[in-house]
Structures are given as structure tokens and as C-alpha cells.
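> One letter stands for each residue in the lines below.
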Amino acid sequence: MYQYFYDLTGNTIIATLIVAVFPLVNVLLVALIGVYLERKVSAWIQDRIGPNRTGPLGLFQTVADFLKMLQKEDATSTEIDSKLYNIAPVLVFTGSFAAYAAIPFSSKLIGSEADVGIFYVLAISSLVVGGILMAGWASNNKYSMLGAMRSAAQIISYEIPTAIIVLSIVMFTGTLSLDKISDMQTASFWNWNIFGGAELGLTKFLMIPFMFIGFLIIFISTLAEVNRTPFDIPEAESELVAGYFTEYCGMKWAMFMLSEYGNMFAVSAIVSILFFGGYHSPIGYLGNSIGVEWLIPFEQAFWFLAKGWFFILVQMWLRWTLPRLRVDQLMSLCWKYLIPYAFVNLIIIGIISLL
Amino acid sequence: MALKTEHMVLNMGPQHPSTHGVLRLELEIEGELVNKVTPHLGYLHRCFEKHAEAMQYNQVVPYTDRLDYLASIGNNFGYALAVEKLMGIQVPERVEYIRVIMAELQRIASHLVAIGSNGADIGALTPFLYLFRDREHILSIIEETCGARMLYNYIWIGGLSHDIHPDFVRKTKEFVNYFKPTIVELDNLLSFNKIFIERTANIGILPVDTAINFGASGPTLRGSGIKFDLRRDDPYSIYDRFDFEIPVGKGLMGTVGDCWDRYNVRIREMEQSLRIIEQAVDNIPEGDVQSAIPKRIKPPKGTVYKRVENPRGELGYFIISDGTVNPFRVKVRAPSFVNLEVLGELCKGNLVADIIAILGSIDIVLGEVDR
Amino acid sequence: MNQYFKNTWLGIYTVLVGMKITFKHLFTPAVTIQYPEVKLKLPERERNRLYVNMDDCIGCDQCSRACPVNCIEIETVKSITGEDLGTTSNGKKKALWVTKFNIDFAKCCYCQLCVFPCPTDCIYMTDVFEFSEYDRNNLVYKFATLTEEEASEKKLNFEKFTAEKEAQKAEAAAKQKDEQKPAS
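Protein chains in written order, with my numbering: chain X, 1 to 355; chain F, 1 to 371; chain Z, 1 to 184.
FYI, nobody ran anything at the bench for these hints, they're computed from the structure.
Please note that the accuracy of each hint is not assured.
As the list claims (entries may be wrong) - Some chain Z residues close to chain X (C-beta under 8 Å, calculated; not the full set):
| # | residue |
| --- | --- |
| 1 | THR8 |
| 2 | LEU26 |
| 3 | THR28 |
| 4 | ASN137 |
| 5 | VAL140 |
| 6 | THR162 |
To be verified - Simulated restraints on C-beta separations:
| # | chain 1 | residue 1 | chain 2 | residue 2 | range |
| --- | --- | --- | --- | --- | --- |
| 7 | X | GLU79 | F | THR255 | 40 to 50 Å |
| 8 | F | PRO207 | X | PRO340 | 30 to 40 Å |
| 9 | X | TYR6 | F | VAL9 | 57 to 67 Å |
| 10 | X | THR54 | Z | ARG65 | 48 to 58 Å |
| 11 | Z | GLY86 | X | THR54 | 47 to 57 Å |
| 12 | Z | PRO36 | X | THR9 | 53 to 63 Å |
| 13 | X | THR54 | F | LYS180 | 51 to 61 Å |
| 14 | X | ILE347 | F | GLY31 | 29 to 39 Å |
| 15 | X | THR203 | F | THR255 | 41 to 51 Å |
Yeah, the Cβ is synthetic: ideal placement off N, Cα and C, and Gly gets one too.
Starting from the given sequences, assemble the full structure and let the hints guide the process.
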């Protein structure tokens, strides 16, 4: 991708910018459609209708909200630490957006084919914590600070089970590169990692239950990393009003929202790459069967987005079903349940891969 | 060298999503740990008791609606019973039956809000909306009979404002049949959800002696395991004719008297209310509901205290009459106000998130706390 | 250890049960209605904005006295002999000009206590509930059918009439005195 645009323009900066536009558009679309879907899904689950006034079926609701947000006055309290206060939303958004650099949308549409892709994603998404802490501290609001503290503790803790499961996949596939992991699961859904990978044999069948446990753990812990219910304690509305962004409004608030939805898609993408074949189609490509080569990347992008959206929908479904945990229970879930299970899972997967 | 630390004071409310109206809690916290809770009341004070002194007896009834605005029928009921006792009025059978059915319907509606908002405070918004959907059925049944949805002014001294609507019996039966499965659904969706149990079981344990010492009543008291219900222990109206059980907290998920017990008592009470409604709705005798209403309400000199079991606990009216058309003094023993006192005791050493769960399980209505 | 696995299992299982229930609700039709377009049929006993049928009002002031919040304001003027005010629909003879009948709906608590004492059933509650206003003064509804000039005219008439009567009385009394004087 980058190489193509570099050849086209002959300028590294322009090529980089062009490549960066695709994930940005994706993040914006995810936020726009995501907020709309969140409202619709919650409405359907609660036997309501949901937004239906702005445009057909209320489709322009989030667009209208976004326009409203742009026009809003940037009202701030007088007692804030304005430098940190202004940087925080940018930093949070940067953290979630930078993760897209290594995520392969299709075999052609990939920002960086770095060999340490998954490692980079895990590392860069920790940047969000810094932003959240800044936001909480700089707002000079007790609720914000409590929210930020909770959030920092939560995100840092839940990186451990995530990393362990990623480690077990890395052990299993032998690579850190996200597009290589995807490429290993090509051709059919039976080759997905959750079904024990592409190699047929006894190990494949032995692997299935443990891969499934691994999937559950990484799904739960990434859910916690993006602060979604039942792990939305940093912004628990009935306790902390709105958590670390209580004092924000207008576009700065929208940046937090954008990064939340960006993060949701990013972790869904990671889960689908690690366990569900990434951008590869579960049933083979139309482009292959009718012999149109250029169609394949588009199909891959479609499957990738479809898988990402599927997990986003599951996240929404969970959000509107479950109550939220308490801060200490969140920690005990992580340290007493997820991490031990993840460790045992890691060891078993290691042994099975050795077989 | 030890670092000097101090406790943080966090003002929760009066504009806070889960203080159920305009209660202000002053929390003294140490990190997330709460050391002290001080409730500050009075943001909704409307001088009900002073107002009542300037009103004629029948004009006080609309004011009682506004005490516990989620259980207005119960408030009317208590006040009407108190004045009837003062004047020695015997109301017709039909009135008694309708009053009981209405009060039980209202109890279900009130508990639905209590349970729903308790769940919503903990983060489960969906059951909250399901319960409001079910409450809507009750409200429309009552609306059809008396024309109002919330502040009914329905139970008058000596009778009722309207006779029941011709569709009332049919619709009530329909509701009973509709509502039974939704209790099961609620149990599956929320009550036995592991996260909900974790959030409420063993939290805010109210020991029996503390509950009694603080004068708690209603589900707050019964959650601690005491079988005390005025409908059975001090039967008023015709409650002694019906067969129903009094659910108490048994510590099913944790310790007796925790938040989950108080929550569960409410659900089981709804089931018992359905039982009472089922028994009563078929036996409503014929008659005139307004025949016993006195032309001129002028009770003799004297005092009276009458208590009823409102959804939130013992609601008592103490009335002093000086023989004129206006009451000399009306004092309300509001269950929410008394139950709220327990909060300080329950919240010590819990986390901020638990305060919300405990407050939700005590189920206060600020209209009644501040009066 | 047993408890540990039981907790894990319960955690997963109850979440799945909840998800099953919410999944079912995804496909149940909405129970809400689209309010301004769709309106529920209100029951006939609906208690909303009051209406006063002035043709039937006899100005007896009973509703105003029953009101617990004093939101009804009534002023009346007695009719003078020779004026015919007509009768109400249930045959009562009207004797008072109602010069002012104001209901302040900003105060009204919709308790319906004013409706019951009315001897001619002329004040009743309708099912109109959409009457919000930007100015609180617009919520004072004036039901009196007489215009201000008419009202002041009636007042004047009555004053004149009473003055005449007084004068007559005084005259009669004076006459009586005069007649009594010579006798004593």
C-alpha cells in the first residue's frame, strides 16, 4: 500500500498521509455508524424504536449530533490545568488511532507490514492511559479524577491477560506479524485459529477447546480495555456522572467518543485477526472463482469489516444486557480469574503445539 | 517521614444521576473507600404538614398523593383510614375490596420502579425499561378508573372518587396473567445474574438489631429477616381475609440483610400482591362506593394514629382534631425518611459504587423524605 | 477450589442466559408509540384541563371553595329585578352575573375536587393535555362570557339598583317615622 503510493507520488510524506487517510475514514465511519447502531440496538433490546426523526430511519442522527458538537462553545472551568486539559483528548485519540497503522484491512490495504505488528498494537494502545489520566487530573473534578484512577488501574491490569493470550497465539503461529497471522488462516473457516489452525491432525482437534477459552478471555479483557459495559467503571454514569470526561464538552468530548469507538473496532479487529482469520473469507473468494484478480482485496476488506462489526455488535449486545462490576471485583476478575486461566491456557497450548 | 494525607469530601447530589431525586450525600472518602456518609435533606420540602392545617379534611387528600409519589394510592389509603377512624365511619364492602386491589396494584407498580432503579444504578438499564413497560399496564388500569396516572386523589374519606371502570376486573386479570411470566424473566435477566449478585450480595448488611433500633420498616426491615408486615400484624381494611405470605430475607446469596435480600423481598412481595389481587378481584360485592362519604367532614375532638403498610414501609398518620373542619395537626411518619437514617450505618467502609447499590436497595422517595 | 470453578461457570452461564433474553427482545416489536403522530385514546374519565360551561354556571362559588390550591377565582354580581339570566340545562334559575371566572392552570393540581360539588355539572375535566405556554400568565384561563364593559355595566346597574332600593327604603322609613311622629 505504502509502496504503491510512494511509487506513484515519489514523496514519503505524501504517501504516508494518503495511507493514513484510510484508517481515519474508517474510524470516523465506525464512530458515526457505531453511535447510531448503539442507539438502535439498545432501543430494539429495550422494546423501543430508537432514533427515527433525522433522515430516513434516523440515519443522520449522528451526523446531526456531530455538527452540533462542532458548533458548541468550548466551555471550560476556570480551575483547570489548561495545557494538559487540551492535550488529553488528542492523546487519547492518537493512541487509539495509531493502533490502526499495523492492522491489515486486506492483503493490500495495510499501513505498515511491520514484523512486530501485534506487539506494536499492544504497546501503542497503552498510550490511551496517559491521556485518560491527564484528562482526569487536569479537569480538577473529583469525579473525573476517580474515573481516571479507575481507568488507569483497569487498562493496565487487563493488558496482562490480553498479552498472555496474544502470546499463546504467537507461540502457536510463530509470528508477530498481523498479516502473516491472517494469511495462515486462509481458504476456509475451518483453518481459523479458533478451530485449531490450518494444519490438519490430532493437535488441531485438541486445540479447539483451548483456543475457544483463549478467545473468551481475550474478548473479555479487550472489552475491559476499551471501557465498555460491564467494565465501564471509569465512566460509570450512575456513580461518577461521566468519569474522566465529565468536564469536557464540544469537540474535545467528541474526541473521547471517537477514540472509544475507534478502540472498539480496533480490538474487534485484533480478535478477528487472532482467532477468526482476519481479512480472509470463510468460504473462498468470488474473485478467484470468476477469475477477477482485482476483486479479491475488496472482498477481503468486506470480510474484515464484517467480522469487526460483528464483534462490535456483540459488545453492544453485552452492554445492554449486563450490570457493571465494581472496581475491586474488576480487579479480582482480572487477577484471580482471567490471568490464571490464561496462564494455564498458555501452557496447554504450548504443550499441544509441541506435539 | 510520613506523608500528610487528608480525606476527600465528595458531594454526591443533589444533581446526581442516582440519588433518586434531590438527595445530597456528603461522602468522606479515602480513595474509593467511604468513611462517612451524611445525607442532606430538604431540597424537596413542601411544608405538607403545615399546609394540611390550612386545608379541610378532604382537601388534604391531593396533598398526600405527593408524599410518596410512586405509591399515591397507599398514601390516600392511610389518610382516609385515619380520618375514618376518627369519625367512626364504616365503609361499604365494595369500597374495601376496591381499595385493597388498588393498593396492591400500586404496590406492584412502586416495587417495579424500586427494583428497576436499583438495577439501573448498578448499570443494568435494560431491566429498568422492561419494568417501566410493565408498570405502564398498571398505570393505565388505574387511569381508566380514576383519570390520573400518578397523583390519583382516588381514595376519599369514606369512599372512593369513582366507581371502578366496567373493564377493570377483566383488565386486572389480564395483567395478573401477563405479569407472572415477566417476573421469571426478570429473575433470569437480573436477579440471578452473577454480576448483579456480586454487586449486591454481602453488601450493605443490615443486622436485625440495627434495623429495629433505627425503626426501619417495609422491605428494608423484612430484608433483615423479620416477618413484620402491618397487613398481617395490624390488619387494616380487609387484609385479614386474604391468604398471603410475607417474604423475608433469607441470605440466599450472601448474608441475611444484604442488598440482594432487600431486592429479592420486593420481587417476592410482588408475587404475593398478585395473589391478593387474584383472591380479591373476583369477589368485589355490588354496592355504592360513595354512600358513606360524609356530607360535612368535621371530626370530633381527639387524636388518632393510623398506620398502613406502604410499599416502602410503615406509613403513619397522626392527626389531632380540634372539632373544626380543618385538622389541628397532621404528622406523617414517612417510611423513606426513617429508612434513610440507616444509610449512614450501612455505608461505613464500603466503596463509592456500593453506596449507589445500598441507596437503591433502601429505595427512598424524596417526596416523602422531605415532605 | 470448587467454589472457584462454580463462580466461573455461573459467571459465564448467567451472562449467556441474560444474553438469550435480550436477544429475544431484539425481535419483539416496540411497545412505545410515536407521540405527536400517534396518540393514545384517553379514557373517558381522563383528568386534564378543566373546562367551564358558562351557560350552566350559576356562580355559586362552590368549586372555588373546594379547590385546595385556590386556583379558581370567581366574582359575581347579583342581578336586578327585570333582568332575565335564563336557566341552566337542568332547570335551575340563574340569579348571578358571573363577571369573573378565572382558572390558573399553573396552580391547578388536577385533583378534580372542584368537579364534584358543582350543582349544575358545568365544570368538568377534559382530555386536553397539550396546552403548555411560554408565559405563565397565558395559563390563566378566563371563562366569563361577559366582556369587561358588560361586567362593569352590570356592576353599575346593581349599584344603582341597590342605591335606589336603599333610597326607597330610607324614604319608606322616613315616611314611617313621619307617620309615627304625630301619633306619639
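> Each hint should be assessed against the structure and marked as holding or not.
Checked hints:
1. THR8: holds, 6 Å
2. LEU26: This interface hint holds because 5 Å falls under the 8 Å limit.
3. THR28: holds, 6 Å
4. ASN137: Status violated, d = 32 Å.
5. VAL140: With Cβ-Cβ at 34 Å, over 8 Å, it is violated.
6. THR162: violated, 63 Å
7. X/GLU79 to F/THR255: 40 to 50 Å: Given range 40 to 50 Å: holds, Cβ gap about 43 Å.
8. F/PRO207 to X/PRO340: 30 to 40 Å: Between F/PRO207 and X/PRO340, where Cβ atoms are some 35 Å apart, the hint holds.
9. X/TYR6 to F/VAL9: 57 to 67 Å: holds, 59 Å
10. X/THR54 to Z/ARG65: 48 to 58 Å: Because 51 Å falls inside the window, the suggested range holds.
11. Z/GLY86 to X/THR54: 47 to 57 Å: holds, 56 Å
12. Z/PRO36 to X/THR9: 53 to 63 Å: holds, 54 Å
13. X/THR54 to F/LYS180: 51 to 61 Å: violated, 40 Å
14. X/ILE347 to F/GLY31: 29 to 39 Å: holds, 36 Å
15. X/THR203 to F/THR255: 41 to 51 Å: Holds: the Cβ-Cβ distance is about 48 Å, inside 41 to 51 Å.
This entry does not satisfy hints 4, 5, 6 and 13, going by the numbered hints stated previously.
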